[in-house]
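K.L.:
Chain residues, written in single-letter form:
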Amino acid sequence: GAVVSQHPSRVICKSGTSVKIECRSLDFQATTMFWYRQFPKQSLMLMATSNEGSKATYEQGVEKDKFLINHASLTLSTLTVTSAHPEDSSFYICSARDPPRDIKNIQYFGAGTRLSVL
Amino acid sequence: KNQVEQSPQSLIILEGKNCTLQCNYTVSPFSNLRWYKQDTGRGPVSLTIMTFSENTKSNGRYTATLDADTKQSSLHITASQLSDSASYICVVSAMGTGGFKTIFGAGTRLFVKA
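The listed protein sequences derive, respectively, from chains A and B. Throughout the first sequence, residue numbering follows our numbering, covering 1 to 118 in sequence. Throughout the second sequence, residue numbering follows our numbering, covering 1 to 114 in sequence.
These aren't lab readings, by the way, just hints derived from the structure by calculation. Honestly, I wouldn't trust all of these hints.
Said to hold, decoys possible - Result set (DSBU-like, lysine-lysine): computed pairs, CA atoms no more than 35 Å apart in a straight line:
id, chain 1, residue 1, chain 2, residue 2
1, A, K66, A, K55
2, A, K64, B, K101
3, B, K17, A, K66
4, B, K17, A, K55
5, B, K71, B, K57
6, B, K113, A, K64
7, B, K101, A, K20
8, A, K14, B, K57
9, A, K66, B, K57
10, A, K41, A, K20
11, A, K55, B, K113
12, B, K57, A, K20
13, B, K71, A, K66
14, B, K17, A, K20
15, B, K1, A, K55
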């Protein structure tokens, strides 16, 4: 199956700093990528949909200036958490859609990034 | 309102035993239903995907069923192993005029004990 690589897997940062998370589709071109946030023992919450070459679509309640998304190429999307605060500590997961199989809306997930803000 | 409800919330079984996880949905218009396995601290991994016309799909010891009439799905795990301990997430896609809408269930946390 298609492979999605997410980096870093874990990051610890000080409050007020910015953190960038990368999501790459390794063996296919992903015109659409998704960013999720997951709190302990809860399911994934969609934050935004990232489309290559255009602005991301954010879900209601997600601050676009806080969570900057860039999808500059067909294989890379980045999520930057700006001016991170302890409440931003969470598990962030990206997924990508493989266009040839898009008819079933199959998403392939990255391994996730554990963000801890001190 | 599009919803996906999973039960039980958590489950503890002994190694080697079978178990069945449930997923009920109220998603329309239905496109497909997927079961994912998510190990702690990892991203979800797809187990099965079923469209409207499919009522069963197997992947090794995992067998998913779908009843599109009653809008219910189940995931049956046979001869459980310790490595089956994970969260199992039911995900339903709806295909509307605006494109796909994906709804996640809250997941069932399975603990397999030796």
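K.L.:
Now, for every hint given, state plainly whether the structure supports it.
P.N.:
Hint-by-hint comparison with the structure:
no.: 1; hint: K66/A to K55/A; result: 15 Å, holds
no.: 2; hint: K64/A to K101/B; result: 20 Å, holds
no.: 3; hint: K17/B to K66/A; result: 46 Å, violated
no.: 4; hint: K17/B to K55/A; result: 49 Å, violated
no.: 5; hint: K71/B to K57/B; result: 16 Å, holds
no.: 6; hint: K113/B to K64/A; result: 43 Å, violated
no.: 7; hint: K101/B to K20/A; result: 27 Å, holds
no.: 8; hint: K14/A to K57/B; result: 47 Å, violated
no.: 9; hint: K66/A to K57/B; result: 41 Å, violated
no.: 10; hint: K41/A to K20/A; result: 24 Å, holds
no.: 11; hint: K55/A to K113/B; result: 47 Å, violated
no.: 12; hint: K57/B to K20/A; result: 38 Å, violated
no.: 13; hint: K71/B to K66/A; result: 38 Å, violated
no.: 14; hint: K17/B to K20/A; result: 43 Å, violated
no.: 15; hint: K1/B to K55/A; result: 28 Å, holds
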